[in-house]
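Protein chains: 2
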Amino acid sequence: MEARFLDMNAEFVNPFLNALKNVLGTMANLELKAGKAAMKKDEMARGDVSGVIGMVGPQLKGSFSISFEENLACEIMHKMLGEKPDKLDAEVCDMVGEITNMVTGGAKRELGEKGYDFEMATPIVVSGKNHTISHRSEGPKLIMPFTHIAGKAYIEICFDRAV
Amino acid sequence: MEARFLDMNAEFVNPFLNALKNVLGTMANLELKAGKAAMKKDEMARGDVSGVIGMVGPQLKGSFSISFEENLACEIMHKMLGEKPDKLDAEVCDMVGEITNMVTGGAKRELGEKGYDFEMATPIVVSGKNHTISHRSEGPKLIMPFTHIAGKAYIEICFDRAV
Chain A
1 MEARFLDMNA EFVNPFLNAL KNVLGTMANL ELKAGKAAMK KDEMARGDVS
51 GVIGMVGPQL KGSFSISFEE NLACEIMHKM LGEKPDKLDA EVCDMVGEIT
101 NMVTGGAKRE LGEKGYDFEM ATPIVVSGKN HTISHRSEGP KLIMPFTHIA
151 GKAYIEICFD RAV
Chain B
1 MEARFLDMNA EFVNPFLNAL KNVLGTMANL ELKAGKAAMK KDEMARGDVS
51 GVIGMVGPQL KGSFSISFEE NLACEIMHKM LGEKPDKLDA EVCDMVGEIT
101 NMVTGGAKRE LGEKGYDFEM ATPIVVSGKN HTISHRSEGP KLIMPFTHIA
151 GKAYIEICFD RAV
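For the record, the sequence lines run as chains A and B.
Going by UniProt numbering, the first sequence opens with residue 1, and the numbers climb by one from there.
Going by UniProt numbering, the second sequence opens with residue 1, and the numbers climb by one from there.
Next comes chain A alone, as it looks inside the complex:
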């Protein structure tokens, strides 16, 4: 059972990791160092600003989130625009919404080529010091931490089989 979950996750998770690398590399010339993925239920994504989005397809439904510490989100903005905001303003939140959309869109294309089709809902941005994100799903749930000199980030992905 556990093995099936892990297999499913490698197949489903890599497209998100590839898309995240492409989006941050292209938009901000910035690379995050991936930490160890966890399937544990007691792990929680944590950050100061997060983008979340729902996904629904004929074979699956799920959700994706990406959370950033404040300073890392500001640093991505800095690398994109040349100027560093000193706090999480509306523009940083817009950027996090855009990153969420682009990463999920990239994963959607790659998963579509593998025969897993889904449509994306509209993204939501959460802002607030040190909040936690927890995906509610019967299916497997993966959380992966990332580090950068400017701060930490987390992605969390979960998929249910569609009913």
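One thing to keep in mind: the hints can contain errors.
Intra- or inter-copy, both count: the list cannot distinguish identical chains.
As the list claims (entries may be wrong) - Once the Cα atoms are required to be at most 16 Å apart in a straight line, the calculated EDC-like pairs of lysine to aspartate or glutamate come out as:
{"id": "1", "residue 1": "41", "residue 2": "91"}
{"id": "2", "residue 1": "84", "residue 2": "117"}
{"id": "3", "residue 1": "129", "residue 2": "43"}
{"id": "4", "residue 1": "152", "residue 2": "31"}
{"id": "5", "residue 1": "41", "residue 2": "94"}
{"id": "6", "residue 1": "79", "residue 2": "11"}
{"id": "7", "residue 1": "36", "residue 2": "91"}
{"id": "8", "residue 1": "152", "residue 2": "42"}
{"id": "9", "residue 1": "41", "residue 2": "89"}
{"id": "10", "residue 1": "87", "residue 2": "75"}
In short, the hints are calculated from the structure, not lab data.
Since the structure of chain A is provided, determine the placement of chain B on it from the hints.
Same frame as chain A, but now just chain B:
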């Protein structure tokens, strides 16, 4: 343009309000007093614990969120179970995820009867003192505050026409 947005919203929003009333009435024998809905882009839902969920259908895509102040979330738990937690614990977060699912499920049924079909993604629960929720959508976005003697709640709904 504005009129079309508002009409669309009355049609789309009432099923969520009806479902919220049913869910809280049935689960917790609790009634929230609805405040004035706003379509403004600078309004923000705010709370200590929120449930968010994505929706995708052939004609539309969107997202729904419901945010509670800590004391109100604990009071709903109190009314459901007879015992009041003194802070936002894992059980309260579970309950908020469940309310999110049930309210969206109720709205899905009512909207389905009107010919608007959508599937629900998996819900996500956000926890963190006084965080804000902001839906990112090209389409209309509605935010509605609710009050109760135990605290405030907000729902936020947005829908894009599906591409």
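Comparing the hints with the structure gives:
| no. | hint | result |
| --- | --- | --- |
| 1 | 41 with 91 | between (33 Å within a copy, 14 Å between copies) |
| 2 | 84 with 117 | neither (38 Å within a copy, 43 Å between copies) |
| 3 | 129 with 43 | neither (18 Å within a copy, 19 Å between copies) |
| 4 | 152 with 31 | within (12 Å within a copy, 41 Å between copies) |
| 5 | 41 with 94 | between (30 Å within a copy, 13 Å between copies) |
| 6 | 79 with 11 | neither (31 Å within a copy, 43 Å between copies) |
| 7 | 36 with 91 | neither (30 Å within a copy, 27 Å between copies) |
| 8 | 152 with 42 | neither (19 Å within a copy, 29 Å between copies) |
| 9 | 41 with 89 | between (32 Å within a copy, 15 Å between copies) |
| 10 | 87 with 75 | within (10 Å within a copy, 34 Å between copies) |
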